[in-house]
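Peer 1: Below are the chains, spelled out letter by letter.
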Amino acid sequence: MKKLGLLTVVVCGVLLLLKTAEFADWGDPNSPASRHLSPYFLENSIKDSAVPNVVTAVLADYRGFDTMFETTVILAAGLACFFILRVRKTEKPKSTYYRHVPTATTLRIIEGAVLPEQSKVFKRIDSVWVPFDLILATTCKAIIPFIQIFALYVIAHGHHSPGGGFQGGVVLGASIILMAISRNLGAAIAHLKEKTTVLMAMIGVFIYAGTGAFAALAGKNFLDYSTLATVLGVDEIMARSHGILIVETGVAIAVMAVMVWIYYNLSSAGKQDEGL
Amino acid sequence: MGEILDFIIAKSNYWSYVVLMMIGLYAMISRQNYVRKIIGMSIFQTAVILFYVSTAVKEKAVIPIIAHGHGEEANAAIEASQYINPLPHVLMLTAIVVGVATLGVALSLAIRVYQKYGTLEENEINDMIREQ
Amino acid sequence: MSQHYPALIIVVPLLAALAAAAAGWINKRYCFPIAVASLAASFVSSVFLLGRVIRVKEVIYEMAGWTAPIGIVYRVDALNGLVIVVVTAVALVNLIYSKSAIEEDFPDKMGTYYALYILFATGLAGMVVTGDAFNLYVLMEIASLTGYSLMGLRRDRATVSALNYLIVGTIGATFYLLGVGYIYIATGTLNMAEIASFMSQMSDSGSIRMAFVICLAGLFIKMAFFPLHGWLPNAYTYTPTASIGLIAPLTTKVTVYIMIRMALSVFTPEFSFKTIELSGAIVWLAIIGIVAGSCMALAQKNFKKMFTYIIVAEVGYMVGGFWLGNRAGISGSVLHIANDALMTLALFMAAGIFARKIKGEEISDMQGLFRKMPWTMAAFVLGGLSIIGVPPTCGFFSKWYLISGGIEAGNYYFVGALLFSSLINAVLFFRIFEVAYFEPFSESHGHDHSHGHEAVAVEEAPLGMLIPFYVVAISLVILGIFSGDLITKIIYFAIPAGIV
Chain B
1 MKKLGLLTVV VCGVLLLLKT AEFADWGDPN SPASRHLSPY FLENSIKDSA
51 VPNVVTAVLA DYRGFDTMFE TTVILAAGLA CFFILRVRKT EKPKSTYYRH
101 VPTATTLRII EGAVLPEQSK VFKRIDSVWV PFDLILATTC KAIIPFIQIF
151 ALYVIAHGHH SPGGGFQGGV VLGASIILMA ISRNLGAAIA HLKEKTTVLM
201 AMIGVFIYAG TGAFAALAGK NFLDYSTLAT VLGVDEIMAR SHGILIVETG
251 VAIAVMAVMV WIYYNLSSAG KQDEGL
Chain Z
1 MGEILDFIIA KSNYWSYVVL MMIGLYAMIS RQNYVRKIIG MSIFQTAVIL
51 FYVSTAVKEK AVIPIIAHGH GEEANAAIEA SQYINPLPHV LMLTAIVVGV
101 ATLGVALSLA IRVYQKYGTL EENEINDMIR EQ
Chain E
1 MSQHYPALII VVPLLAALAA AAAGWINKRY CFPIAVASLA ASFVSSVFLL
51 GRVIRVKEVI YEMAGWTAPI GIVYRVDALN GLVIVVVTAV ALVNLIYSKS
101 AIEEDFPDKM GTYYALYILF ATGLAGMVVT GDAFNLYVLM EIASLTGYSL
151 MGLRRDRATV SALNYLIVGT IGATFYLLGV GYIYIATGTL NMAEIASFMS
201 QMSDSGSIRM AFVICLAGLF IKMAFFPLHG WLPNAYTYTP TASIGLIAPL
251 TTKVTVYIMI RMALSVFTPE FSFKTIELSG AIVWLAIIGI VAGSCMALAQ
301 KNFKKMFTYI IVAEVGYMVG GFWLGNRAGI SGSVLHIAND ALMTLALFMA
351 AGIFARKIKG EEISDMQGLF RKMPWTMAAF VLGGLSIIGV PPTCGFFSKW
401 YLISGGIEAG NYYFVGALLF SSLINAVLFF RIFEVAYFEP FSESHGHDHS
451 HGHEAVAVEE APLGMLIPFY VVAISLVILG IFSGDLITKI IYFAIPAGIV
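Chains as they are written, first to last, in the working numbering: chain B, 1 to 276; chain Z, 1 to 132; chain E, 1 to 500.
Hints are supplied without guarantee of correctness; some may be wrong.
List of simulated lysine-lysine pairs, DSSO-like, C-alpha gap at most 30 Å [claimed, not checked]: (1) B/Lys193 <-> Z/Lys60; (2) E/Lys274 <-> E/Lys57; (3) E/Lys301 <-> E/Lys359; (4) Z/Lys60 <-> B/Lys19; (5) E/Lys301 <-> B/Lys271; (6) Z/Lys116 <-> B/Lys2.
Everything labelled a hint here was simulated from the structure, so no lab data went into it.
The task is simple: from the sequences and hints, build the whole structure.
Peer 2: Listed below in structure tokens is the structure:
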């Protein structure tokens with residue numbers, strides 16, 4: 001199998017390299033790709049939608065339909081992971097672990113014993129990783145709000161600098177995942193329940209598709225943001241700009257929620273009691 | 001000699017993407033372990049992303065965020081050759097997302113397989129299936 | 001509203017998928033009506049769209065109001081107007097058919113299942129109507145991702161075969177993406193119509209030739225064309241009943257459609273059939289694929305697996321017929337997309353009923369079924385006759401066109417392979433009919449499957465399954481009777497005028 005694989009790979013590689021001599025050089029400003037369509041985007045994005053970041057303009061406006069399905073792909077992945085992995089009824093574990101916070105003692109409570117109530121004093125922890133790291137937990141707790149604020153900045157400033165819904169959404173999701181890694185899955189789920197993530201994912205995609213459907217209902221083509229002009233009370237160009245912000249917000253919500261949702265399911269193999 | 005070197009440098013983006021892509025393909029074909037196959041799949045997809053993004057590059061150009069002023073300056077002509085091509089970046093943003101999504105689904109299927117067979121080696125799983 | 005049909009086909013199911021998933025968390029009873037209503041709306045709009053296409057030849061819908069090369073456009077002509085009706089119809093009928101199977105198999109994840117089901121149909125429908133090469137990739141991935149998860153649940157081997165399919169399918173899709181990239185660096189555009197307009201000056205460009213080969217390779221992997229079919233039989237055999245009726249008829253057929261679309265309206269017929277000299281080789285592969293697929297089908301004891309090998313052979317019919325490059329062959333190929341989607345659906349609907357009632361998937365488990373479930377068997381016979389190609393069922397007519405295309409092209413090996421495969425299909429199905437008709441019903445059904453199951457009385461399928469099954473079976477005959485009209489009124493206009 002290995003030799004066959006190597007042969008296939010070498011043949012494929014040679015075939016792919018065969019015609020590269022005819023391709024445009026790396027960095028050639030006169031390649032067909034740079035001459036035909038992209039100058040239109042570069043020259044007109046400010047005129048059409050008042051967005052200086054052309055990537056954002058193309059992503060959410062000129063090719064906004066692609067991006068709507070991109071968000072749908074993410075949602076589909078979240079649904080798929082949930083569908084494949086999630087189990088509702090799990091066996092009760094043999095023993096559960098609690099931490100007595102004031103003394104930093106770890107308690108193992110065997111089956112059948114009375115469990116302490118979740119409180120500031122007794123916290124349930126994962127059985128796979130019992131040691132408590134004060135520095136790690138505190139540092140992460142301190143920086144998570146800043147990560148989230150930065151994520152919001154990335155989303156909101158996508159018109160003028162690199163960034164936008166996807167990037168901001170991923171950073172936002174990462175902040176929750178960081179919480180899950182630095183403490184435990186239960187802590188993250190306590191902050192953001194699974195149902196909430198699902199609901200947010202749906203709302204995110206709905207904001208995008210709904211904006212598009214609104215345009216269609218208002219008489220123009222699907223996703224034509226200029227129909228927002230009358231609602232928002234601005235001219236058509238600014239309406240496009242605001243439309244982009246609206247859909248990017250939807251994208252960010254969906255991406256963030258699905259990232260967290262997938263993490264919950266993958267890290268606990270669908271049981272969502274104990275994570276990494 | 002110099003010409004050949006120029007040629008290699010001018011097409012280096014194509015060489016590197018093909019090499020990377022074939023590494024991924026080889027991992028997918030020849031490895032027995034599903035996690036390695038999945039890693040190979042990720043490399044394979046990333047190679048194509050690299051290819052697209054490399055086609056966006058223009059010499060002496062900056063990222064496609066238009067420097068714009070207000071009032072009079074806002075109407076100044078925009079020289080397209082000053083900015084790199086935005087379209088491949090947009091397309092690859094989509095492809096990256098698709099790659100992440102595929103990876104998530106692949107990993108969750110792999111977890112399921114592991115739960116059922118207790119292994120992720122393809123040959124061992126095939127043996128178990130045959131014995132049934 | 002009528003100008004929005006192309007968008008409605010896609011957007012209504014997309015919004016309904018959200019609603020169905022949300023309904024799964026609130027009240028499961030709403031999921032099914034939402035799903036049916038959205039797919040029905042999609043089906044109705046595609047029928048109206050086809051009507052409009054017949055009148056005006058081409059409908060273009062500009063997403064977000066941006067014209068062709070700048071934005072993404074949906075472009076519907078006679079070719080995809082026909083395929084979109086088939087796609088939405090199959091998705092709708094199979095959904096109604098599988099209501100009880102879904103409730104039984106996925107009781108606690110019903111909302112998610114319906115959402116994935118609708119998204120899969122949305123992805124396929126979008127692939128069919130889109131006029132943008134990259135948009136097609138995104139939609140293809142939606143259909144693939146949801147497809148993997150629809151396959152990967154419930155049975156033991158399903159997860160392994162779904163994972164294998166995922167890896168192979170990703171290779172296919174990534175090759176397609178790479179091919180689109182090659183087209184892009186040569187032409188600078190992603191709009192299919194615009195690429196075609198550049199083609200006459202580009203036909204000797206190396207990257208276009210490479211793009212053609214890479215795209216085709218990727219699509220061949222996705223459609224399980226011989227010799228890249230290895231993933232299909234296992235993946236389809238172990239797929240749950242409700243999903244297989246959606247996935248098996250549509251995935252391969254839509255991919256064949258994309259191949260036709262790429263060859264005819266992106267690379268132009270001139271380039272695909274003449275400039276690049278691959279069509280002969282592809283037809284030969286198709287011939288081998290037809291023969292090999294039929295022989296492997298003959299070797300199977302499990303009827304579901306047998307059907308999957310029939311699919312491999314049928315893919316050979318369509319691909320081979322198309323690359324003959326003449327009008328009759330291409331007409332046959334396009335007609336066969338529609339016919340085969342319905343025939344495969346009929347077969348797997350029958351398989352679903354059998355698997356449910358006799359708890360076994362071996363042909364030998366089917367003893368005496370004619371007596372126990374005569375209505376089901378009658379419709380199944382109709383499906384079998386159509387696969388064999390007996391008039392007046394539709395299978396006969398597409399085969400007729402394919403064979404006359406072969407004769408016209410002077411490729412008698414292709415004609416021979418088609419006749420051979422029809423013969424094998426006849427043997428296959430009459431073997432099943434024989435077991436089911438002449439051998440007495442034995443009480444030991446499912447002896448090694450029934451552990452832990454309550455013994456199910458083998459009887460007629462419930463009406464909820466039988467009625468959709470009959471709709472499909474009868475439509476096989478209706479499609480056969482009207483196939484002449486289909487050819488002259490629709491498919492004739494789907495083929496560029498240059499092809500004789």
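Peer 1: Which constraints among the numbered hints does this structure fail? Numbers only, ascending.
Peer 2: 1, 5
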